[in-house]
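J.: Here is how the chains run, residue by residue.
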Amino acid sequence: MAESTLAKKRTSWRIKLEPRLDEPPAWYPAMVSLGAVVVALILGGVMISVAGGDPFLSYAHIARASFGDIGVLSDTIVKATPIILTALACSVAFRMKLWNIGAEGQFIMGAWGASAIVLAPVLPAETSRWLFIPVMALAGIAAGAAWGFVPGYLKAKFNVNEIISSLMLNYIAISWVNYWVFAVWTEGGFQMSPKFPVGASLPRLSEYADSFPVLRGLTTHGGLLFGIAAAIILWFIVYRSRWGYEIRLIGDNPRAANYAGINIARNTILVMALSGALAGLGGMSEVAGVVRRLQTAPIAAGYGFTGIIVAWLAKLNPLVIILVSILFGALILAGREIQPSGIPKMIQGTILVCLIASDFFLRYRVRIVKGVEE
Amino acid sequence: MIQDLFSVTVLIGILASGIRLATPYLYAAIGETFSQRSGVLNLGVEGQMLLGAFAAFYVSLRTGNLWLGLLTAMLVGAVMGLAMAYVTVNLQAQQGISGIGFYLFGLGMSDLLFQKLMPTVETIRGFPRIYIPGLSDIPGIGEIFFSQNILVYSAYLLVPVAWFVLNKTTLGLKIRAVGENPDAADSLGVSVARVRYFTIILGGTLSGIAGASLSIALLNVFQQNMTSGAGFIAVALVYFGAWRPIGVLGGALLFSMVNALQLWVQVLNIPIEPEIAVMMPYVLTILVLVATVSRVRAPSALTKPFEREN
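Taken in sequence, the protein lines are chains A and C.
Letter 156 of the first sequence, counting from 1, is numbered 156 in my numbering, and no numbers are missing.
Just so we're on the same page, my numbering is the position in the second sequence counted from 1, plus 1000.
Hints should not be assumed to be uniformly reliable.
To be verified - Looking from chain A toward chain C, a few residues come up when the C-beta cut is under 8 Å (computed):
hint	residue
1	L154
2	A156
3	L167
4	W176
5	T350
Hints were generated in silico from the structure; no laboratory data involved.
Glycine included, each C-beta is placed from N, C-alpha and C at the ideal position.
Assemble the whole structure, with the sequences as input and the hints as a guide.
T.: Structure follows, in structure tokens:
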């Protein structure tokens, strides 16, 4: 080796990767994520151009159509509400490195569970809101939790891959709801149930327009409060409770958690059920706040998948999720009108890929070194 | 009513469409088998299929050449695979999540291109049936097995080929080694990165064909989200089939036969809830996973990025 070093000695620039040993400064992860989103938006713009569209027009449209005035801002928040809850659902599972991609199905089951209270009916139509809404919320939570429990249990007891089982459960949930909507609760053969009575719907801002005229026509509904409350509670669970400590430890270092006597199997089941419960509450909020009836499965409209992106972008922090959800609510809302459609999904996908890829720069330090090559 | 289901004509119809409908599952799931055997979970199959389906349809429609359409679909799938490989191999991204990103990208992009490039809904004359001389005249059997189009035949041909490559060739040995024990493979001089690039791009290419088989051989139209989950089912089929091409074939046939049965149940107006029938293969997949998980082991390095120890 020694003699060849001299012979081949030359100066060169090269990219060097070093594992990050130290903790990066607090602003660094946020900058990396922001950078990833910017890169994704640029890539997305290139894709729009490839398809023959005008990316600047599209982006300007998205901004205008979702934040332009108080009316569309309110609609943006309506879209953000289910995303908050599905993103919270994903975040708590991801925190333990449980890849629950079944938030979509858990959301749908939550919608079904809440609807069953109205349509079965468990409670009569003239029940007051004060009873209806809590019971529906509990039913949605229970149905979603059951749907999250299954992959958790299968993972804990049989080591069945939760990605596959939760994915399969998405399709089962879709068929399940289709069955009830078409065969049992259909309104005149259409793919929807009868409209819920007023008592079974979450109040909207516009209902208070008599006292506060500024609220006229605003569709933001009580589900937002569920989302915010759930985010705060989850924040305390994850960062301030013993259980949250266990969850984080299992996620970061399952071996250490095991040595510390933490029951991983039990936490797997509990966390998946909690994850499902949050998504299920999202489904309840959507049927009771927006649709006000049960429809066939597109009711979830991909909120389960958007939740994955939002959770990741928010670095699994429940409070940050609220803000990021609003941005994605805007993207989805704009997608309603934006022509051609497909742009929001494409951009979401690009953002997610860039985000996941950008984690690399949290683990490695990239250096361009002027080195003496051997 | 229900006895109609058991008349010979209907039975032949169900089996023939079942054989046909397994085609996209087979291409996609065999491709996925390769990438999973090398340790990479590609959850973006659905997106690759959708873009492949659109590319094949659009190019075939504009050029009038189905083969050119198929080739474009393969290319599009391969490029998606290349991107996926970079993200999973070089950037070591979490595979389950990045795959969802690729899925959403394919879903949105195919829709965007469809809306931009095709002002009206059009249909296409897809790959024609090939009647195998002699065999296609056998009553029943002929219609079921020997009157399909070229993409259907080659999908079934792919199964033994994949088995052979995986189990009887050096390449297959490398793929399996990289999926089971990348450190050992690396120390023996096998480039883990190169093998994984190869399997992911191969998987993407086959997913592209899977999409094309829908748009220019089976349904002969393109619609937004036309795969409706077939790509995700393909991923599950690899688990279902215990990472073996023959097992994947069994699972693909099960899913496609249930699909075919359900279509005929609707055609014949039989009072079975179709939603319940649709649910069954998914339930069965979960049950099979539970039943086999103690006997069948996933490739040890599945979803684990490889990093060379220095």
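J.: Evaluate each hint against the coordinates.
T.: Comparing the hints with the structure gives:
A cut of 8 Å between beta carbons decides the hint on L154(A): the least distance to chain C is about 6 Å, and the hint holds. Hint status for A156(A) relative to chain C: violated, with the closest Cβ pair at about 12 Å, above 8 Å. About 6 Å separates the beta-carbon of L167(A) from the nearest beta-carbon of chain C, less than 8 Å, and the hint is met. Interface hint at W176(A): satisfied, since its Cβ lies 7 Å from the closest Cβ of chain C, which is below the 8 Å cut-off.
A hinted interface residue such as T350(A) counts as satisfied when its beta carbon comes closer than 8 Å to some beta carbon of chain C; here the least separation is about 6 Å, so the hint holds.
Going through the hint list in order, the structure does not satisfy hint 2, though it satisfies all others.
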